[in-house]
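We have chain A already, so just place chain B on it with the hints.
Chains as they are written, first to last, in our numbering: chain A, 1 to 343; chain B, 1 to 343.
Do not rely on the hints blindly, as some may be mistaken.
A pair counts as met if it fits within one copy or between any two copies, since identical chains are not told apart.
Stated by the list, open to error - Mimicking SDA-like on lysine to any residue, the simulated pairs with C-alpha atoms at most 25 Å apart in a straight line are:
(1) K8 <-> T303
(2) K137 <-> A78
(3) K137 <-> R334
(4) K137 <-> Q335
(5) K273 <-> A23
(6) K282 <-> R252
Just so you know, these hints were derived from the structure itself, not from any lab.
Here is what each chain is made of, one letter per residue.
2 protein chains.
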Amino acid sequence: MGYGHVAKAFLKLLASRSEELLAEFGVRPTISGIGSQSRGLTLYPEVLSLEQAVQLVETGADIHEAGRQVQHLSEFIAGGKAAGAVLLLELTTLQPKDGEPALTHIRSALEAGLNVITANKGPLAFAQAALLESAKKQRVQLRFESTVMDGLPLINLAQFTLPMVGMKSFRALLNTTSCLVLELIEQGSTLAGAIRKAQEIGIAEADPWYDLDGYDAAMKTTIVTNTLFNSRLTPSQVKREGIRALSLADIRAAANAGTPYRLVSKGRIQAGKVTALVQPMKITADDIMQVATGTTSLITLETEAMGAMTLIEHDPELMQTAYGVLSDLITILRQNPTLTAPN
Amino acid sequence: MGYGHVAKAFLKLLASRSEELLAEFGVRPTISGIGSQSRGLTLYPEVLSLEQAVQLVETGADIHEAGRQVQHLSEFIAGGKAAGAVLLLELTTLQPKDGEPALTHIRSALEAGLNVITANKGPLAFAQAALLESAKKQRVQLRFESTVMDGLPLINLAQFTLPMVGMKSFRALLNTTSCLVLELIEQGSTLAGAIRKAQEIGIAEADPWYDLDGYDAAMKTTIVTNTLFNSRLTPSQVKREGIRALSLADIRAAANAGTPYRLVSKGRIQAGKVTALVQPMKITADDIMQVATGTTSLITLETEAMGAMTLIEHDPELMQTAYGVLSDLITILRQNPTLTAPN
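Pulled out of the complex, with its shape left as it was, chain A reads as follows (with noise of 0.2 Å):
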């Protein structure tokens, strides 16, 4: 579901990964069905092999030609499993609002005994234990590594290499597009003019205040919230405030004095009680934050057992989040090989 810039990176990545995938798993992806918003749901019942879906991409061919045309959902992922599908990629844009449709697909490929990969983090932030239990339940597995700072491995990080650290807090700068902005507006750029280069570079959300107010990093700050404390919280739980009330002069009066302001994450487990919040906040010269500038996002975990440990993504292009989406992949198969629908 989704046929969008992610998708194709990640059609492209998977192809060069193919001869890997083989010697390592005996595994060969085809694909039975292609997503798009524009151009609806498409089956193919032969499958698509890798080298067929990469010349869809590159082409710019109609995804319709070589398939066929469904109305439903239900169709869709029905036609999907006769073809042999084992796995939903959900890579649809993100609507802030409720997540949706993102969180029906997912949903139902789920409860349709689907493994389930997505890069969209309404669905999570909005209902993250419910799918989880939902694909416990149906013994398949729900990966989101590339909600949150692409494919920087954070979410694999604490699930597989953390155990029983005792996550104490995290403070993150998690939304790109409002470091940029604030950085741009303090090099002398207008707050539109500011707008516009993210903008063109990729990286703002249809409206861009939906990153500048804060909705985009509250939606990221759940999903880690929950990742690293196993809690429930939903956006509207993150206390939340943008850049907003910030004047030009504000921003660059902070600069100017050697503190800057970002738009920063925290979130925090005290006597079993958890609490997050995104805003805006002056980072002291001493700061790890400080060096991420332009794209680069930084998240620094506290922990009772290993102290403070930071970790940065310098400058992520369109390939680091197709990669956050190719490494769920490969731990899906690395806990079932054989990577079949369990009903």
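Same frame as chain A, now just chain B:
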């Protein structure tokens, strides 16, 4: 094997997680023997509970009291196995020349069908590939997260969270003693004073020149290189240059120019050929390495699919090394929940 600071910190950490281990894996760890450089090999045929072991640590009681001394490693391993041991912890002090006797401890334990966790760089730097093959043959695990950057999940990150990422190169500050000594000299210390300070905070090796001449960094570089690139370098194949040739004036002039010297590790794979080096380099003002002050260590990975990412371990203490051992133990438990030796 090894009953120094790390072993003692680990026993306390393990005890603090005993409820979680019981709840998640149904496991209650016991100790069937302790080997100490000064006190020899002691077996506990009735095994020590974790509470008894922590009491030994806290009272400083003689490890012989509750046990039976043996002379030979083979007796120690056989006696441990007879009491139910499934795991050897190798936490002795590094012998930089050839990694012995730790290498023999690990090799013998693996051959006897024990899982092994080590925080000792030597055996891994000299024989990682051979030891991993021995472990595989015996269907046991050899884990070594704490050999580099303590418990920061670098080894496990590579193994579990960055599959098929296309590792290209890394740059790192892995030896904190040399970085701290350089920093103290920049601030006006003499070389002897700086070394004394590093020894006081307990991070320098017994012979500080082992750090300052780059031997420690070369070993860690060997392990990181072989882990990331699946290669078989030995420490002598790492081009090594320490900070011995830098004068105090050189060091201070570079720092005053905003480009301080640090002992940098680098490794890369290019057209299938793997190379690695350790040498003092001037760190430019825009380099992420500038953030690593004090005992903070840092690594930047360059990858094909995920671009560049940096991991920073801030001001580690003993606990971080102990945590790496615990995380390795949990990794083994996850893959073998009953933790029974296969033969």
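Quiz item: Hint by hint, which ones does the structure fall short of?
Solution: Those not satisfied: there are none.
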